[in-house]
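Undergrad: Letter by letter, the chains look like this.
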Amino acid sequence: MDSLRQEKVQKFEEFVDRRLKPDLVHAIAERDKIFDQQKIFSDLRKNIENLEKNSVTSLRTLVNLGSEVYMQAEVPDTQHIFVDVGLGFHVEFTWSEALKFISLRKEKLERQIEEYTRLIASIKAQIKLVCEGIRELLQIPEEKTVEGRVF
Amino acid sequence: MGKSEVKGTVTSLSSMFPAEETQKAAKMVEEKLSEKQNEMNQLKEFIADNTSLINLVQKLPDELHHDIMVPFGKAAFFPGRLIHTNEFLVLLGESYYTERTAKQTVEILKRRGKSLESKVDALKAVMQDLKAEASFFDSTASEAAEGLVEIREYEEDNSTKWASQSGSLELETPSVAEADNKMGASEDDDYARIMSRLEELEKEELAAEDNEENLEDEDEDANAVESDSNEDELTKAAEGDGDEDELTKPAFHRKKDEGYSYLDHGQRYSESPRKQLQQFNDKEPIEEMSNKYKHQDLTNQFASTGLTEEPVTKGEISHGRIIQEDTKTLSPSINASAPFEKKSVQTSKSEFDSSKAFTGSIVEHTQNLDKSSVGTNTTSLQSSGSQPSKPVSRFKMQRK
Numbered sequence: 001m002d003s004l005r006q007e008k009v010q011k012f013e014e015f016v017d018r019r020l021k022p023d024l025v026h027a028i029a030e031r032d033k034i035f036d037q038q039k040i041f042s043d044l045r046k047n048i049e050n051l052e053k054n055s056v057t058s059l060r061t062l063v064n065l066g067s068e069v070y071m072q073a074e075v076p077d078t079q080h081i082f083v084d085v086g087l088g089f090h091v092e093f094t095w096s097e098a099l100k101f102i103s104l105r106k107e108k109l110e111r112q113i114e115e116y117t118r119l120i121a122s123i124k125a126q127i128k129l130v131c132e133g134i135r136e137l138l139q140i141p142e143e144k145t146v147e148g149r150v151f
Numbered sequence: 001m002g003k004s005e006v007k008g009t010v011t012s013l014s015s016m017f018p019a020e021e022t023q024k025a026a027k028m029v030e031e032k033l034s035e036k037q038n039e040m041n042q043l044k045e046f047i048a049d050n051t052s053l054i055n056l057v058q059k060l061p062d063e064l065h066h067d068i069m070v071p072f073g074k075a076a077f078f079p080g081r082l083i084h085t086n087e088f089l090v091l092l093g094e095s096y097y098t099e100r101t102a103k104q105t106v107e108i109l110k111r112r113g114k115s116l117e118s119k120v121d122a123l124k125a126v127m128q129d130l131k132a133e134a135s136f137f138d139s140t141a142s143e144a145a146e147g148l149v150e151i152r153e154y155e156e157d158n159s160t161k162w163a164s165q166s167g168s169l170e171l172e173t174p175s176v177a178e179a180d181n182k183m184g185a186s187e188d189d190d191y192a193r194i195m196s197r198l199e200e201l202e203k204e205e206l207a208a209e210d211n212e213e214n215l216e217d218e219d220e221d222a223n224a225v226e227s228d229s230n231e232d233e234l235t236k237a238a239e240g241d242g243d244e245d246e247l248t249k250p251a252f253h254r255k256k257d258e259g260y261s262y263l264d265h266g267q268r269y270s271e272s273p274r275k276q277l278q279q280f281n282d283k284e285p286i287e288e289m290s291n292k293y294k295h296q297d298l299t300n301q302f303a304s305t306g307l308t309e310e311p312v313t314k315g316e317i318s319h320g321r322i323i324q325e326d327t328k329t330l331s332p333s334i335n336a337s338a339p340f341e342k343k344s345v346q347t348s349k350s351e352f353d354s355s356k357a358f359t360g361s362i363v364e365h366t367q368n369l370d371k372s373s374v375g376t377n378t379t380s381l382q383s384s385g386s387q388p389s390k391p392v393s394r395f396k397m398q399r400k
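Chains as they are written, first to last, in the working numbering: chain A, 1 to 151; chain B, 1 to 400.
No lab work stands behind these hints: they were computed from the structure.
Where hints are given, some of them may not hold.
Unchecked claim - Just the calculated beta-carbon pair ranges, DEER-fashion:
id, chain 1, residue 1, chain 2, residue 2, range
1, B, His66, A, Val85, 20 to 30 Å
2, B, Gly93, A, Phe15, 42 to 52 Å
3, A, Ile28, B, Glu146, 48 to 58 Å
4, A, Val85, B, Tyr97, 32 to 42 Å
5, B, Glu107, A, Arg19, 46 to 56 Å
6, A, Glu97, B, Ala125, 51 to 61 Å
Note that the Cβ used here is the ideal one computed from N, Cα and C, for glycine as well.
Work out the full structure, taking the sequences as your base and the hints as a guide.
TA: In structure tokens, the structure reads:
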């Protein structure tokens, strides 16, 4: 009886440590990636709006060749911008098109972030649940020493 | 020498190094090793990037401009072109940039590559050390599992003598004995001479192995070799690792020899692998030994050093690092002192492995030999010694 309970507790703990926790870490990492993307696109929108405001038609910039070695580059025509639409594809947009795309893209990213946030919350809830189960298993004969893990 | 009282202790290796502890230590070292391997891979990547960048920088000024997609943020590009292809803005560090030509940039990048390579070399050295450490732990673990036993003997009067003598070996010590003055004088010459002499001795030993002769002579023979190899060891240290090692090693020596030292020549039975090996040489057919010689040199060295080393480390596995360092400093000395007997050490060791008839291996410190007495020894050797006296005396004479 006692050994059976021990076994169960061990199984639950293994489930938390081997399954739920890695899942949680993975989900958080994914969400961070999307946050990064969101930032990239909001930066891009700001930059394009800046170009529009100053009505820039040509610009000079520095290109990073790697290892912090830069070279000057010239853009003769800024009307056309190639924006990354995912999966390695870049689409040629005008500024207004690019801005429209960016706002659409942002919406989608926000949805994804919400999704991941919900997923993370549910994983945390599961962990909490299993920990409570372990506590209950141990509670009857022993004192309530097993704390639910707090994340 | 060697007529005084002898005390000894017998310790089983496993009591000093419990098997699990050793395995744990070995595991830890393995982890460290893989960490370093990752670091190495990263560095290699950097080097590859650097070389490709050097190629690019060399190629760019060939044309006045290049059509490229100019990155605009991380997710967008403008069609554009590179201009001023011979002007580079290079990061010097601390967010200071400087304008350079292609050639100058290449020079900077080459210097960066050099520093990367030196880092790789340093890392390689560290990894080699770790590998040696790992093999040391492994062999210690296996030896402990096999129930190896260490026998150590003390000889009071000799140890004090030896202490003063080893002190004089240390170049930095104020108390340089007169006898040793000439030794310290030209170490490079000594080194070459000694190496050739030792080789000769080794050959002669091989020839002499079949003869069962006076053990006393053998011992004295060994003594002579021993004292010389001490000198040898000094020169080795000077050549190889530089002053640091040189200082630490003799110091270590002294410490060790003061604490416990060494075997008695009168007593035949409780001897160390080295001495023992001589006995083996005498008593065993040589083929048998060579057959059983399977261990790699490195592990053997470490194993043997591990054996002789234990007293210093007091068997604390958790101080693996320290052990390792000690053995490192020691190992050259062991090497140096061993060439004459090296082969036989290994064989005697592996013999224990293969035939479980022996319950333990026996350890001794042969280094502690009286240099001052060597001269007299050899003379007496010549008169009394039947066989190995010849090489020894020659050896001796050449040295002086």
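Undergrad: For every hint, state whether the structure bears it out.
TA: Here is how each hint holds up against the structure:
1. His66(B) to Val85(A): 20 to 30 Å: holds (26 Å)
2. Gly93(B) to Phe15(A): 42 to 52 Å: At 49 Å between Cβs, range holds.
3. Ile28(A) to Glu146(B): 48 to 58 Å: holds (50 Å)
4. Val85(A) to Tyr97(B): 32 to 42 Å: holds (33 Å)
5. Glu107(B) to Arg19(A): 46 to 56 Å: holds (54 Å)
6. Glu97(A) to Ala125(B): 51 to 61 Å: Distance hint for glutamate 97(A), alanine 125(B) holds at roughly 58 Å.
Checked against the numbered hints above, the structure violates none of them.
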